[in-house]
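Visitor: Okay, here's what each chain looks like letter by letter:
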Amino acid sequence: QVQLVESGGGLVKPGGSLKLSCAASGFTFSDYYMSWIRQAPGKGLEWVAYIRNSGSNIYYADSVKGRFTISRDNAKNSLYLQMNSLRAEDTAVYYCARERESTYGLMGTGTLAYWGQGTLVTVSS
Amino acid sequence: IQMTQSPSSLSASIGDRVSITCRASQTINNYLNWYQLKPGKAPKLLIYDAFSLQSGVPSRFSGSGSGTDFTLTISSLQPDDFATYYCQQSYSTPLLTFGGGTRVEIK
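For the protein sequence lines, the chains are A and B, in the order given.
Counting from 1, one number per residue, gives the positions in the first sequence under our numbering.
Counting from 1, one number per residue, gives the positions in the second sequence under our numbering.
Just to be clear, a hint being listed does not mean it is correct.
Unchecked claim - Once the Cα atoms are required to be at most 25 Å apart in a straight line, the calculated PhoX-like pairs of lysine-lysine come out as: (1) A:Lys19 with A:Lys43; (2) B:Lys41 with B:Lys107; (3) B:Lys107 with A:Lys65; (4) B:Lys107 with A:Lys76; (5) B:Lys107 with B:Lys44; (6) A:Lys65 with A:Lys19; (7) B:Lys38 with A:Lys76; (8) B:Lys107 with A:Lys19; (9) A:Lys43 with B:Lys41.
Worth flagging that the hints you see were computed from the coordinates, not collected in a lab.
Isolated chain A, as found in the complex:
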């Protein structure tokens, strides 16, 4: 079955860096577009970043553009989020998610069919 497992969260000081990983299994990782989504304490969900299956097209929310980098290693079935210049407002549970393909097997639906359980990032001095 599809499984996504995030890791790499923890406590970091403002201005610091952290790299999150998402290990994928149960499907052909190289076929699917992936996203990172976060949920700050007591807040709603916020889309963070998106990467197509080849890694050639990448998009970011304005709130993280220039500070965060999404990447993937299809040989290792892994998704990453490099977070630099972290701020208190980046404190959140970070989820990786896999897209649902369309009825015709096409990507780019924007529907997040599978999610991991999340990893907590706390930015505090």
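Keeping the supplied structure of chain A fixed, place chain B upon it in accordance with the hints.
Guide: Chain B only, in chain A's frame:
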């Protein structure tokens, strides 16, 4: 595209019919998805493309609407349904946006 959900929370009893609404700031056709979140668990896709039931999701969940106004309905609330629900538009993929969430609590 801004997504507005209402109510932000509701209290209901087992067996109640519950409806949650979601409004988009512009037309999104039927590119609307619903998710269920529980603390410490992976979020779960319930409904995609406004009314299509994700595989494995109980049939008491249903979605309706198109354009700018959408509804998630739980026909008979069960103990496992107490959670927070989010709508999400996929019209402007990959720039995805979510509603503010609706917390469903036990009355």
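Visitor: Indicate, hint by hint, whether the structure satisfies it.
Guide: Against the structure, the hints:
Annotation: proposed proximity of Lys19 of chain A to Lys43 of chain A holds, straight-line Cα distance about 23 Å (limit 25 Å). Under the criterion of a C-alpha separation no larger than 25 Å, the hint pairing Lys41 of chain B with Lys107 of chain B is consistent with the structure, at around 23 Å. A C-alpha spacing of about 42 Å is found between Lys107 of chain B and Lys65 of chain A, which places the hinted pair above 25 Å, so the restraint is violated. For the given pair, Lys107 of chain B sits about 47 Å from Lys76 of chain A by alpha-carbon distance, which is inconsistent with the 25 Å threshold.
With a C-alpha separation of about 24 Å, the suggested pair Lys107 of chain B and Lys44 of chain B falls inside the 25 Å cut-off, and the hint holds. Proposed proximity of Lys65 of chain A and Lys19 of chain A is supported: the alpha carbons are some 16 Å apart, at most 25 Å. At most 25 Å may separate the alpha-carbon atoms for a hinted pair to count; Lys38 of chain B and Lys76 of chain A exceed this at roughly 29 Å. Our distance criterion of 25 Å between C-alpha atoms is broken by Lys107 of chain B and Lys19 of chain A, whose separation comes to about 42 Å.
Simply put, Lys43 of chain A and Lys41 of chain B have alpha-carbon atoms about 16 Å apart, close enough for the 25 Å limit, and the pair holds.
The structure does not agree with the numbered hints 3, 4, 7 and 8 stated previously, though it agrees with the rest.
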